[in-house]
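Chains as they are written, first to last, in this note's numbering: chain A, 1 to 427; chain B, 1 to 547.
In short, the hints are calculated from the structure, not lab data.
Since we're looking at a predicted model, the values are computed, not measured.
Just so you know, even glycine gets a beta-carbon here, dropped at the ideal spot from N, CA and C.
Incorrect hints may appear among the rest.
The list that follows gives simulated cross-link-like pairs (lysine-lysine, PhoX-like), each with its CA atoms no further than 20 Å apart [said to hold, decoys possible]:
#, chain 1, residue 1, chain 2, residue 2
1, B, Lys79, B, Lys530
2, B, Lys325, A, Lys32
3, A, Lys31, B, Lys325
4, B, Lys166, B, Lys104
5, A, Lys417, A, Lys381
6, B, Lys417, B, Lys462
What follows is a set of in silico ranges between Cβ atoms, one per label pair, in the way DEER data are often shown [claimed, not checked]:
#, chain 1, residue 1, chain 2, residue 2, range
7, B, Val376, A, Asp50, 24 to 30 Å
8, A, Lys31, B, Asp482, 29 to 35 Å
9, B, Gln388, A, Pro123, 18 to 24 Å
10, B, Val376, A, Asp58, 34 to 40 Å
11, B, Phe541, A, Ile125, 53 to 59 Å
12, B, Gln388, A, Thr383, 57 to 63 Å
Below, each chain spelled out in residue letters.
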Amino acid sequence: MKKHIFCLISLILPMSGFVSCEMMEEAGDAKKVEPITVSYKVNAVTGFVDANGNGAPDPSFPTEGLQVNFVNYNEGSVFESVADAEGIATTTLPPGVYTINVFGSVENEGETYYLNGAQTNIPLIKNISREEAAVGSTINLRPAKVGPLCIKEVYYCGIAPFYFRDQTYEIYNNGDEVYYLDHLCFTQLYPNVATAVLPSWPTSEGKDNFVYGITLWQFPGNGTDYPLAPGESVVVVQEARDHRENNPGSFDNSMAEFEVWAGGKPERDNPNVPNLEYVYWGGSINTFQWLTSVFGAAFCLYQPGQKLTFNDNSYWILGETTQKEVTGTYEWAKIPADKVMDGVEFLPTMADLNMKRIPGFVDAGGFSVGATYIGKPAARKMTGRRDDGTPLYQDTNNSTEDFEMLDSPAIRRNGEKVPSWSPSLHN
Amino acid sequence: MTKYIGLKSVCCLLFAAGAAFPAGAQDGDALNTPASVERIKAGGLWLTHTNNAAGAILDNASYYANAAFDYHMSNGTFKQAQSGKRNNGFGFSTDGGGFLGDDKKFYVWGEFNYSRDKIREAQYNASLIDPLRRMPFYIADTSKSKWINQGFDMRVKAATHLIRNKLLLGFEGRYEVGNGAKQKDPRPEVELSRVEVIPSLLFRFGKRHSIGADFDYYSRRERGEASVTNLRNNPSIWMMVAPGFFKQGSIDPNGSPSGLGDYNANSMGGGLQYGYTAERIRIVLSGNYARTVEDAKTADHPNPSPTTTTAQSTERPYFLGTTRKDAFDVNLNAKFDNASGSHSWYVNLSYRDDDMDGIEYIQSFDNAPDVQEYVVDFKTVRSNYTQQSAKGEVSLMRNGSGNDYRWTVGADAEYVKDGYIYYIPRSTQDVESLRLNAYAKKNFRTGDLSRLLVGLKVGGSKNLSAEMDYNGYHAEEQCFTDFTLKDFYYLSSSYVHAGASVTYSHLGILKNTAVYTGAAFDIYKMCTHKDLFDQRIFMQFNLGMTF
Chain A
1 MKKHIFCLIS LILPMSGFVS CEMMEEAGDA KKVEPITVSY KVNAVTGFVD ANGNGAPDPS
61 FPTEGLQVNF VNYNEGSVFE SVADAEGIAT TTLPPGVYTI NVFGSVENEG ETYYLNGAQT
121 NIPLIKNISR EEAAVGSTIN LRPAKVGPLC IKEVYYCGIA PFYFRDQTYE IYNNGDEVYY
181 LDHLCFTQLY PNVATAVLPS WPTSEGKDNF VYGITLWQFP GNGTDYPLAP GESVVVVQEA
241 RDHRENNPGS FDNSMAEFEV WAGGKPERDN PNVPNLEYVY WGGSINTFQW LTSVFGAAFC
301 LYQPGQKLTF NDNSYWILGE TTQKEVTGTY EWAKIPADKV MDGVEFLPTM ADLNMKRIPG
361 FVDAGGFSVG ATYIGKPAAR KMTGRRDDGT PLYQDTNNST EDFEMLDSPA IRRNGEKVPS
421 WSPSLHN
Chain B
1 MTKYIGLKSV CCLLFAAGAA FPAGAQDGDA LNTPASVERI KAGGLWLTHT NNAAGAILDN
61 ASYYANAAFD YHMSNGTFKQ AQSGKRNNGF GFSTDGGGFL GDDKKFYVWG EFNYSRDKIR
121 EAQYNASLID PLRRMPFYIA DTSKSKWINQ GFDMRVKAAT HLIRNKLLLG FEGRYEVGNG
181 AKQKDPRPEV ELSRVEVIPS LLFRFGKRHS IGADFDYYSR RERGEASVTN LRNNPSIWMM
241 VAPGFFKQGS IDPNGSPSGL GDYNANSMGG GLQYGYTAER IRIVLSGNYA RTVEDAKTAD
301 HPNPSPTTTT AQSTERPYFL GTTRKDAFDV NLNAKFDNAS GSHSWYVNLS YRDDDMDGIE
361 YIQSFDNAPD VQEYVVDFKT VRSNYTQQSA KGEVSLMRNG SGNDYRWTVG ADAEYVKDGY
421 IYYIPRSTQD VESLRLNAYA KKNFRTGDLS RLLVGLKVGG SKNLSAEMDY NGYHAEEQCF
481 TDFTLKDFYY LSSSYVHAGA SVTYSHLGIL KNTAVYTGAA FDIYKMCTHK DLFDQRIFMQ
541 FNLGMTF
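So here's chain B without its partners, still in its complex pose:
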């Protein structure tokens, strides 16, 4: 990787994120620990489960702040080809929120995350920092390569006090910057940025009922440029338009247009919320809709080669394709406390429906001297991707002193249906899965100033149905047999997983601060397609503090 995010800008953003944390000592009778942060977030129904920052006032969440460094790694063959086999990285994250001001009427919450990851032996991706983000238009190649990705994102949420005892105003802003570099030819350097704004408002009717709305807009750019350093080869690539549908090409040593990508996404949407608050019950019902359009184009080549022995990159930008996505979701999130307040039940139900069209273009080059551009002659929806998921989650928490909990148990079930159609020649892929998970955590009081949080989880995914009907033109080619087909087997696999985590916290080393260190281990084991996939393990170590 040759480009790094400027230290100066990182420092500025760290400061900005830190500015979101309210100053002053907390008012609780106990210090926050990682378990406290979990409990505060679980209880923050508006803050955690909706885009309406104004609702944070109704959460009446306690002040908290958390900052941690982590080192993480993963290894194993149970993965998608683009994911990399043996990955590791480190990160820094901090988040916190609380009421501001002398009268503590304004709520501010902020988050900052930085990560730097090495993804090894990744295949079939020469374009995207996140190749699994359901963007069908990209460049794939076969070389097993390392990607080095780094980036940060920060989010700030703020809510006003209750205006005229009825109205709350909120705002959420998010800014993300990242870059990634593939380490083998063709080796793109990709940069991305994302800006999101979500203004919101909330009307409160009496003490129990509230109705909110938010507007969500984001803009995302991702631009990459490929180069070839081993000039003896011009590596083969595939320009993907859909799973199993692609055009084979090559990138010449000067970087042909097919090695360049310019992704531009805009999303607009909004949400409506209803909240009910009683003495021991809090319920938030929310629904969101967003339309996201993302153009994928080649980019202008900055330095066309003057040499006459290579294929020069004189072509102007043209569309690789566009995605048009409509996403809709409804969510019910509730918290129930028992009479004594010693136990809390949390219920989260959600349904999500994504429908994305893949638009392909017919373009021609207008060779008129004053134009010299590609123009769109025709566009049609050639592919469609759908995903429906319904998820139910319930957990019980035994509350402890302050914001801590003593133990918590929970389970969730999720039904996911993925569908894909390429219209002509008609090819389809449908996968249905049921995922079940259960977990338990115990927060041991190991001393007056120490806690040991131990967690166990088990789960699995059962494939309910899987069908692929491919009628494309590349059934014998490597990009189909080794990539598309294998990816289908991955998506339609059944697996089990188990994990354990342990976090030790020590309080009082610094004033009002708990210092903690922890480790987590997860293993995923295949039950089907064992000839292709085996298992994958994830490990994480962290060191942080809460206050």
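Chain A on its own, in the form it takes in the complex:
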């Protein structure tokens, strides 16, 4: 026994010394921080962008005047710059991990385009000259035409104690022409929860050419059955009922147009409210309910332009309409960037913007109500009203700027109109 103890001590002491020396050597290498000057080039890209973020820039598409913010979410610092005539923004900042946010709109060929985008978790540790920026440090943005539909309000966090069956989503026509909801997919995006470690997709996917859906709920219709006029909204809920019967702190969303009922627990299906059909569900299906993360999920509106069917093997094909992570097991729906109409990303807290997990062209920012089970919705800021009294909402494709937290959930709180086909008008 004594011999064993002696041997152990003989081993531990020199090993401790080695570990100690290595630690001291590594710590000894650290030098005092110095500021660096970095340039970043903003490109408008309309074609395919490869996995390294390289795409063929469209030199005719202007980027001058776009706001370029270098945001260090860990430190809470923002260094602002503006893209010049060559599309290059320059600033001086301390080394760190930055999210480079670009936002603004440009006029091109008589039309207005949003050029919103972000590159997250970019380590900036040395000077980057304008010349280096032009060939390497670039951010490629996909111009997005201003669309009519927007996700206007999302109530996702639930209310204490642990009540989440009242999750509610309101989609609004913020434009000036009728939009037909037929075939539109209300989509929850992958990953389910915010993470600083983004999924690793096959390199053939490129970068930010697609977003990936967990669950796709498709509106019914044959093309013109579900018009949504300007100023009208459609309400989609997990379960349509007066939830105050279950939880006095909740609210009544029984007037919703659609439920997203997953097929199990028939007592949770309100027969007076039609159900959207899920046409894709990646991973394991929870038929009890469609519960999105109370910490905040990400959503988009996706128009595939056709009726989709769950488990249709002739449509859902790996590599074409679905994709797996490099090390993943599950397949997720693969949604082309140009088919995304609007998207919004919710996060556990506003300090978690460095965990943003969907591309900037879907949502250049992120939003959070800050905590779970507090009964507060995230709602788009109202900027004014039309002549008919219906509201106009802020939509810069940046939810950090566009959304605010309100005190309690409500349906059509600002006088949004009910579509003529709504079951709530006919029940």
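Chain B: place on chain A using the hints.
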């Protein structure tokens, strides 16, 4: 607190510490009392003031042993936020030393301390058992919470006899174990351990001169894991990197990585000593240098949540930061006896210079299937902390019979300068203070077998200068206004304090043993920033024995 230090290990260590005490009756003509222990320690210049255990032989200290239980409490608002407002606890401590063997040539000294403390209404600490140990990388939260801390540490020093009339070899070992648990969400359970070894040697030249050297190495680990029991809340936290510089976050009910901390410190250093011994004069001049590096990392989460409704903790460990500290000190300790030996003067002068860099990392996650780890891309020194202090202390002791003293008076003055820089954006904080203290103790002989030791002390701290220039990004946030700024006001405050202590000893109840009981009271009263702080009192009661 759900985890307790094993009784078995405590007993083993108690036995080990006790083994350091030499057996057999003491050779003095009087029994040791608490005053005797004080005098023996004051005269043990090598043992008390250096890390060179070999020098204990030159101290030629008398045998003593002391063991005591104590109950202590503190209360008041003159405190740092992490300290707790109303604290109490109890402890057991024992120490003793003497020459071993038939020819009494080997010296052995040992110490064992156990304490268990309740720290109430502590704020801005969800990571560390000792949040005031100048570790800038930790998790802070706002909830006023109780911490329950307990731990023990034991030290052993041993010195050989004089080899070839020139060389002495010494060794000091120290082992410390502790744990702490915060009682409100987020509620980390933290465990620490520390092992230190200090081999030393000393050359003696003639009867008067000696030169010594020691090598000091320690390893310290502190690891904590936070949990949330009230699942209705995910409490807000701040991941601190420096005063006024932090990132806000939250801990989810499954314990996110930000709620976990894994601190690993290694320190290497050494010291040189010179000693002079004459008939009535003893002087020890010593200097020490140590470099301490401490990595602060998150720890792997043992049970990532399978649920899809919560933020899962799948992240691998990553650096919160590293501290790199260089500490240097020089000390002059002397004892002068008058011709008759009735009075002794003690002089202790010291200068200390600590310089600590706060290293921050830029890390990225290598998502390659065979790696799946955070890798360090870049590291820089983002902050620096300095502390210089110069202290002078002089005391006069009227020696009594045996190892006792009749009375002692003393005073000390200390100049302390604390500095802090965060390089980008440049923010600085500088505080200079002068502290003065004076004390007097009288050891009354209340009977043939009883003593009453009464002490009084007064003092204060005068702030000489204080300046904060904050250019960070969180000037409006609670963690800055209520914590960083308030802490600066605390550090730059002026105060006065006074204290009294009384210890009654009775000798002979047990053979060769003095049993004592005592009480001490101290009060600290603010002179500045009275709108933020008032006063703080400390009380201690103890019951022990010396032999």
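Each hint tested on the structure:
Restraint check for Lys79 of chain B and Lys530 of chain B: satisfied, since their Cα atoms lie roughly 12 Å apart, inside the 20 Å limit. Restraint check: the Cα-Cα separation between Lys325 of chain B and Lys32 of chain A comes to about 14 Å, which is no more than 20 Å; the hinted pair holds. Simply put, Lys31 of chain A and Lys325 of chain B have alpha-carbon atoms about 14 Å apart, close enough for the 20 Å limit, and the pair holds. Taken as a hint, the Lys166 of chain B and Lys104 of chain B pair is honoured in the structure, with Cα atoms around 18 Å apart against an allowance of 20 Å.
Taking the CA atoms of Lys417 of chain A and Lys381 of chain A, the gap is near 17 Å; set against the 20 Å cutoff, the hint holds. The hinted pair formed by Lys417 of chain B and Lys462 of chain B meets the criterion: a straight-line CA distance of about 12 Å does not exceed 20 Å. Taking the beta carbon of each, Val376 of chain B and Asp50 of chain A are about 27 Å apart, inside 24 to 30 Å as hinted. Taking the beta carbon of each, Lys31 of chain A and Asp482 of chain B are about 34 Å apart, inside 29 to 35 Å as hinted.
About 36 Å separates the C-beta atoms of Gln388 of chain B and Pro123 of chain A, a value inconsistent with the hinted range of 18 to 24 Å. At roughly 38 Å, the beta carbons of Val376 of chain B and Asp58 of chain A sit within the given window of 34 to 40 Å. A hinted range of 53 to 59 Å holds for the C-beta pair Phe541 of chain B and Ile125 of chain A, which are about 57 Å apart. At roughly 58 Å, the beta carbons of Gln388 of chain B and Thr383 of chain A sit within the given window of 57 to 63 Å.
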